[in-house]
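As you go down the protein sequences, you meet chains C and V in turn. One point on numbering: in this note's numbering, the residue at position 90 of the first sequence is 90, and numbering is uninterrupted. One point on numbering: in this note's numbering, the residue at position 108 of the second sequence is 108, and numbering is uninterrupted.
Read the hints as simulated data drawn from the structure, not as lab findings. Note that the coordinates shown come from a computational prediction; the quantities given were computed from them, not determined experimentally. Quick reminder that beta carbons are idealized off the backbone N, C-alpha and C, glycines included. A hint or two may mislead.
[Stated by the list, open to error] One side only, chain V facing chain C, incomplete, derived with CB under 7 Å: (1) Gly96; (2) Tyr98; (3) Gly105.
[As the list claims (entries may be wrong)] Capping the alpha-carbon separation at 25 Å, the derived lysine-lysine pairs in DSS-like fashion look like this: (4) V:Lys71 with C:Lys42; (5) V:Lys37 with C:Lys42; (6) C:Lys78 with V:Lys42; (7) C:Lys57 with V:Lys42; (8) C:Lys42 with V:Lys68; (9) V:Lys56 with V:Lys37; (10) V:Lys56 with V:Lys68.
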Amino acid sequence: EPEVTQTPSHQVTQMGQEVILRCVPISNHLYFYWYRQILGQKVEFLVSFYNNEISEKSEIFDDQFSVERPDGSNFTLKIRSTKLEDSAMYFCASSERDSRSGANVLTFGAGSRLTVL
Amino acid sequence: GESVGLHLPTLSVQEGDNSIINCAYSNSASDYFIWYKQESGKGPQFIIDIRSNMDKRQGQRVTVLLNKTVKHLSLQIAATQPGDSAVYFCAEVSGGSYIPTFGRGTSLIVHP
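Please model the entire structure based on the sequences and the hints provided.
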């Protein structure tokens with residue numbers, strides 16, 4: 001079964017450092033997403049990406065965050081200067097959308113745990 | 001056992017019982033709903049979805065019920081198994097957005 005893969009599985013960084021989280025979405029999916037989950041809390045939407053540009057973003061996704069699809073397979077999330085409160089599990093997801101039915105089933109990766117010290 | 005909304009974050013059941021996990025959603029404009037299962041150390045996994053023009057949808061051992069009048073969604077799991085132990089999230093999608101907004105989650109614990 002196709003899956004979304006994420007690397008690294010765990011990254012520890014110092015506050016103020018830049019972090020890049022990587023994702024390989026499912027190959028025939030056109031829509032890509034980043035969500036995050038702070039320990040014990042709900043899964044929060046960060047950003048969606050389609051056709052090489054951001055299509056939607058939440059208020060969490062401020063100027064410290066950026067996304068990129070540098071080639072035909074990878075989708076990255078960059079945090080420019082990490083803060084303690086950026087510590088969370090970051091999930092990448094991809095989907096196809098059925099515009100007729102409105103269905104949008106996201107397939108999530110296993111996540112990248114970011115710990116900011 | 002029955003969970004009364006996501007204000008009760010943990011539901012414990014015995015293996016073989018039926019489980020009901022409830023979710024109150026907030027946006028009356030939401031027209032598409034999804035249940036996700038998240039096992040420890042993994043990402044959310046799609047279970048079942050339902051559109052707002054339906055009030056019931058069945059899958060394998062799972063049934064989702066939608067009551068738009070009171071903005072309530074439930075997930076019923078028949079003959080619950082230890083492998084069903086996980087956190088279950090409901091997610092809603094508002095018309096035109098396509099972006100699922102997750103609820104808080106309910107932890108289901110199945111005792112053998």
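Quick rundown of the hints versus the structure:
1. For Gly96 of chain V, the interface hint is violated, since its Cβ never comes within 7 Å of a Cβ in chain C; the closest pair sits about 9 Å apart.
2. This hint holds: Tyr98 of chain V has a C-beta 5 Å from the nearest C-beta of chain C, less than the 7 Å allowed.
3. At a threshold of 7 Å, the smallest CB-CB gap from Gly105 of chain V to chain C is about 6 Å, leaving the interface hint in force.
4. The hinted pair formed by Lys71 of chain V and Lys42 of chain C meets the criterion: a straight-line CA distance of about 19 Å does not exceed 25 Å.
5. Only pairs whose Cα atoms come within 25 Å are accepted, and Lys37 of chain V paired with Lys42 of chain C is accepted, the gap being roughly 12 Å.
6. Simply put, Lys78 of chain C and Lys42 of chain V have alpha-carbon atoms about 21 Å apart, close enough for the 25 Å limit, and the pair holds.
7. Straight-line distance between C-alpha atoms of Lys57 of chain C and Lys42 of chain V comes to about 24 Å, which keeps the hinted pair within the 25 Å bound.
8. A hinted pair counts as satisfied when its Cα atoms are at most 25 Å apart, and Lys42 of chain C with Lys68 of chain V qualifies at roughly 23 Å.
9. The suggested pairing of Lys56 of chain V with Lys37 of chain V holds, with an alpha-carbon distance near 19 Å, which does not exceed 25 Å.
10. For the hint pairing Lys56 of chain V with Lys68 of chain V, the CA-to-CA distance comes to about 11 Å; that is within 25 Å, so the pair holds.
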